[in-house]
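Chemist: Sequence:
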Amino acid sequence: MKNYYVDLHIHIGRTESGRAVKITGSKNLTLKNILQTASSQKGLDIVGIIDCHSPEVIKEIEQLVEEQRIELLPEGGLRFDKTTLIPGSEIEIFDEHCKGPIHVLSFFPTLEYMKKFSEWMRPLLKNIHLSSQRIYCDGRTLQQKVQELEGLFIPAHVFTPFKSLYGKGVEKSLSEVFDPERIDAIELGLSSDTYMVQGISELEKYPFVTNSDAHSLGKLAREYQKVQLEDANFKELVYALQEKGGRKILANYGLNPLLGKYHSTVCQECGEHVESEESCSACGSSHLVKGVSKRINELKDHKPPTRHRPPYIHQVPLDFIPGVGAKTIRRLIEAFGTEMAILHEVSVEQLEQVVPKKIANLIDLARRGKLNIEVGGGGVYGKVIE
1302 MKNYYVDLHI HIGRTESGRA VKITGSKNLT LKNILQTASS QKGLDIVGII
1352 DCHSPEVIKE IEQLVEEQRI ELLPEGGLRF DKTTLIPGSE IEIFDEHCKG
1402 PIHVLSFFPT LEYMKKFSEW MRPLLKNIHL SSQRIYCDGR TLQQKVQELE
1452 GLFIPAHVFT PFKSLYGKGV EKSLSEVFDP ERIDAIELGL SSDTYMVQGI
1502 SELEKYPFVT NSDAHSLGKL AREYQKVQLE DANFKELVYA LQEKGGRKIL
1552 ANYGLNPLLG KYHSTVCQEC GEHVESEESC SACGSSHLVK GVSKRINELK
1602 DHKPPTRHRP PYIHQVPLDF IPGVGAKTIR RLIEAFGTEM AILHEVSVEQ
1652 LEQVVPKKIA NLIDLARRGK LNIEVGGGGV YGKVIE
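Counting in the working numbering, the final residue of the sequence shown is number 1687, and the numbers go up one at a time with none missing.
Since the hints were derived computationally from the structure, they do not count as laboratory data. Heads up, some of the hints might be wrong.
Label-pair ranges, simulated between beta-carbon atoms [unchecked claim]:
#1 1425 with 1650: 28 to 34 Å
#2 1583 with 1476: 20 to 26 Å
#3 1372 with 1601: 21 to 27 Å
Using 35 Å as the maximum straight-line C-alpha spacing, the simulated DSBU-like pairs for lysine-lysine come out as follows [said to hold, decoys possible]:
#4 1464 with 1360
#5 1303 with 1545
#6 1549 with 1360
#7 1520 with 1360
#8 1464 with 1684
#9 1658 with 1506
#10 1520 with 1591
#11 1417 with 1446
Here a beta-carbon is modelled for each residue, glycine too, at the ideal position from N, C-alpha and C.
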């Protein structure tokens, strides 16, 4: 078995023709650019691209298959250079059982199943070409369809205040909206980690995944997991989520939750961080964006955890580090190959041969989660303090 780096939440900003897919995504966040960046710069072995339902994206994948630049894998997934693409779709649910909108991820083993899913969704969406569209069916119907097509169903960034399962979607339990038996994993999101959510007993049965939710090429792999597999394909990924036959998630790598833009409760009026009050102590406003940390504490039933989970390793992405800009990252990649190599394999002494000693030490502190951090909240990311 080998270790593979996996990021399962990457958006497409535009198609090759320039058509918008994820409107808030970067214009150069195209299918080809994602695959090339994941393979040659980031060092990702498996990527989940979650806008593959868009008809133009499907055509682009088919074109790459015809050009023999993508190989269809017998066990599911599509291989581009050193990286396996898992086709997926992010969908918004807001049915009669929801308290607010919920985003979910669905992944499929083959392009044919992805096409069938897209065709099934077309009459249920306002615009099949766009990302994260609201589907006009209930959550359980969507789960059933994903299962029929041998797919994976994963609620996305489940604690963020807007458009997530626990953020606004349910009062207390995922069973209010979903069939608990048809959920394959839980995506934690940037403002939480494994340790924070211990004590929510209904999540004990699910593996946790950590993904970038990338809206630009630079954000690929800001969160990811190291997974033990026989090979980088869909079937092996399913086995890892099921912890079957020695396949498993070895470690989750992600931002310190303090860096997440919804970690702390913040006043919408003045931006003041609010600890426990129901109104802002600075301006008196009751218009607060509830932080992920507060919401998690509301959900806890404090039953002791029974599931052994992989370590969650706090890691600050290179582009968060003061003094590390695009030129420095480019120089590091030229020297060491990929960001995964820089974050996991290269010694401080090797870094010092390419960048100044101060930067090398900051990179080392970042990959060990030892940097000083100013907490984020209210839609504003936290930041690293030198």
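Chemist: State the violated hints by number, sorted upward, taking the hints as numbered earlier in the document.
Modeler: Checked against the structure, the hints that fail are numbers 1, 2, 3 and 9, while the rest are satisfied.
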